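Colleague: Residues per chain, in single letters:
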Amino acid sequence: MPPWSDFEPFIVSGLALGGVYALSGVGLVVLYRATGVLYLAFGAVGAMGALIAWSLGRENVPGWLTWLVCIAAAAVITLGYGLIFGPALAKRDPLVKAVATIGLTLILYGLMDLLWTSSGGQARSESLPTDNGGFSIGQIQVDWTQVIALAAGVVITVGTGVFLRYTKLGTAMRAMANDREITATLGVPVRKVEAAAWLGCGVLAGVAGLLLADLAALDATTLTFLVISSLAAVLIARLRSITLTFAAAILIGLLHDLLTPITALSNYQNMTPFVLAAAGLLVMSRRRVMTQSREEA
Amino acid sequence: MGADLGLRSTAGRQTSRRRPGRPQLIRAAVITVLLLFVLFGFPQLLSLYYIDTMTQVAVYSMVTLALGVLVGRVGLVSLGQVAVLAIGAWVAARLLFATAQPYPVILLEAGLITMVAGMVTGLPALRLRGLYLALITLMLAGAITVVLATVNFPNGGHGFLGYNGSLVHIPPIRRPSVAGSDPAYFRYAVIVAILMFLLVLAHTKTKPGRAWAAIRQSEPAALAAGINTTLYKLWALALASFITGVAGGVLAGAVHYLYSIGFPTQDSITLLAVTLMGGVYSMWGAVVAALLYQFLPALLNNWGVSADWLTILFGLGVLQVLTTAPAGLADQVPKDLARLARLLSRLLSRLLGRRTPAPGKTT
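Chains as they are written, first to last, in my numbering: chain P, 1 to 297; chain Z, 1 to 363.
These aren't lab readings, by the way, just hints derived from the structure by calculation. Each hint should be verified, as a subset may be incorrect.
[Claimed, not checked] Short derived list, chain Z residues pointing at chain P, Cβ under 10 Å:
#1 79
#2 131
#3 141
#4 269
#5 276
#6 306
#7 320
[Claimed, not checked] Stretch by stretch, here's where chain P covers chain Z in the computed footprint (C-beta under 8 Å, at least three residues):
#8 123 to 130
#9 143 to 156
Owing to the predicted nature of the structure, the values given are computational and were not obtained by experimental measurement. Positions of the beta carbon are idealized from the N, C-alpha and C atoms, including for glycine.
Take these sequences, add in the hints, and give me the full structure.
Modeller: Here is the structure:
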């Protein structure tokens with residue numbers, strides 16, 4: 001077992017990673033609750049935004065503008081998909097809706113590989129100016145990007161909780177999570193509320209893509225499939241509670257990074273989200289009563 | 001329950017009891033001629049490049065067949081089939097290096113061991129349904145991929161894992177003595193695939209097929225009708241794992257060398273996409289899916305077109321299948337061809353100046 005000081009830097013990076021997973025997870029849960037769609041293209045749209053931002057950055061477009069473009073691109077793609085395929089698949093099973101977003105993932109993934117080809121071996125990187133500044137706690141160096149990542153996770157989780165609890169739109173979303181038909185009968189503009197959820201999820205995908213491009217790597221494959229880690233957090237929360245999603249995401253991020261110094265386990269550190277999600281799901285599915293209700297699982 | 005991806009009901013029909021009618025005989029004859037052509041015509045006509053590609057098609061037709069059974073017959077969506085294929089290939093490679101058993105025995109063993117592995121991991125997962133089951137298979141596949149990346153495929157080393165990182169001359173994985181050359185191995189792979197298709201046919205036409213159809217329609221209703229849903233779901237999982245394991249064994253001999261990077265988790269996602277595009281309700285769909293998955297990339301590669309276009313096409317295909325054609329290409333293409341034929345005959349009769357309505361317009 002390595003000494004404790006070896007673990008310290010990984011606490012910070014783990015918390016930062018967990019923060020981004022939490023932010024992504026909250027986006028996924030809110031969209032799932034409002035529309036019934038598990039948005040598996042979350043990582044792909046974030047990656048698309050980040051790559052567009054990278055290309056703009058090379059053309060000497062100011063940084064803040066490229067970040068906005070990144071978020072806007074992810075939001076527009078997500079909203080567009082939601083407006084076209086949301087109503088078309090509204091009455092289908094959640095599984096069908098989720099598989100359909102795999103279609104979007106493949107389209108985006110193919111496009112990204114075509115436009116920003118990775119075969120040339122040229123590594124891209126996106127670095128935010130917040131990487132340079134920072135402070136230290138004891139021996140540990142902390143940069144502002146890491147602080148922003150964790151803070152964004154916390155703020156989004158709390159903010160979304162407050163939004164769902166106290167605003168009219170949030171209440172409408174919660175109502176739709178229970179029953180779309182009844183909500184529509186009560187006079188809630190269902191399509192508009194869904195569009196708002198898609199837009200919100202897209203914005204979060206853009207933010208997550210930008211942060212992960214800096215914290216992890218600016219690479220279409222990595223970013224597209226990092227969503228699986230957030231998905232693990234969402235699954236532990238059973239696609240329901242955003243508080244639980246936040247906790248699970250932080251746990252996954254921390255555990256993943258803390259395994260790095262342990263040589264016996266570091267090869268297996270990428271299993272962390274999968275193992276936690278599988279264990280969580282299996283434990284929580286014990287003694288479940290089979291029902292014929294529309295609410296799946 | 002709504003794990004059903006489509007709208008059709010393809011319950012095991014009771015036709016097997018009756019004597020086969022003329023259409024069935026004709027169909028059987030056509031399929032036989034087609035298979036004979038594939039077995040004996042292809043090695044004569046195709047270049048070595050395409051023979052190797054068609055061997056891959058034969059291998060992956062088994063994989064998509066197994067996935068088609070899970071998705072189309074029982075309504076269980078798995079996002080982890082490539083990991084199952086990797087387990088089959090790993091077991092077969094290990095046995096081929098360790099023993100001198102005949103190839104068919106190795107294939108059987110690889111299938112059975114993969115089946116046990118699939119059942120052990122699948123039994124707890126079967127408590128979940130629909131979306132959750134699909135996602136847990138994705139998680140399990142991700143975990144298996146990480147383990148494989150560390151363990152590596154056997155390369156002729158010793159010990160349980162059979163991997164020796166410092167080997168300079170890695171021996172190739174052997175092929176059966178009767179099928180050493182590429183064309184012969186292609187025939188071997190096709191014959192194994194035919195046996196697997198017959199195995200599935202034997203299931204879908206009998207009691208398990210009917211039980212699966214009931215489970216797919218509604219699991220609570222199937223339970224109420226006295227069907228042991230856990231048993232039949234596990235049975236489907238065992239069958240699918242067995243077939244995929246055998247496919248892994250055939251794959252090991254086909255490529256000679258196996259690497260863990262050849263089985264990434266995202267391939268399972270693409271595999272589901274092509275299986276849905278091919279069509280999960282008919283066994284032809286599995287062949288179409290394998291052609292999409294292995295033949296099209298080889299063709300595009302030969303033409304110098306980027307495979308990324310194919311990824312985009314698969315994405316569009318999934319969206320199209322899910323929104324408008326739940327039975328996939330295997331169902332849609334014959335219908336579209338019939339529609340085209342009607343349109344052409346109508347145009348033709350109009351051109352010839354006849355006012356008589358074209359045949360088949362009554363639909």
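Colleague: Each hint should be assessed against the structure and marked as holding or not.
Modeller: Going down the list of hints, with the structure as the test:
1. With a least beta-carbon distance of about 9 Å to chain P, the hint placing residue 79/Z at the interface is held under the 10 Å criterion.
2. For residue 131/Z, the suggested interface contact is upheld, since its CB lies about 5 Å from the closest CB of chain P, less than 10 Å.
3. Nearest Cβ of chain P to the Cβ of residue 141/Z: about 8 Å, under the 10 Å cut. The hint holds.
4. For residue 269/Z, the shortest C-beta to C-beta distance to chain P is roughly 6 Å, which falls under 10 Å, so the interface hint holds.
5. Among the interface hints, the one on residue 276/Z holds; its C-beta lies about 7 Å from the nearest C-beta in chain P, closer than the 10 Å criterion.
6. Annotation: residue 306/Z was flagged as interfacial toward chain P, and the flag holds, the nearest CB pair being 6 Å apart, inside 10 Å.
7. Taking 10 Å as the C-beta cut-off, the interface hint given for residue 320/Z holds, the closest approach to chain P being about 8 Å.
8. With 6 residues carrying a beta carbon less than 8 Å from a beta carbon of chain P, the stretch 123 to 130 of chain Z meets the three-residue requirement, and the given coverage holds.
9. Against chain P, the stretch 143 to 156 of chain Z contributes 5 residues with a C-beta closer than 8 Å to a partner C-beta. That satisfies the three-residue criterion, and the hint holds.
Consistency with the previously given hints is maintained throughout, with no hint failing.
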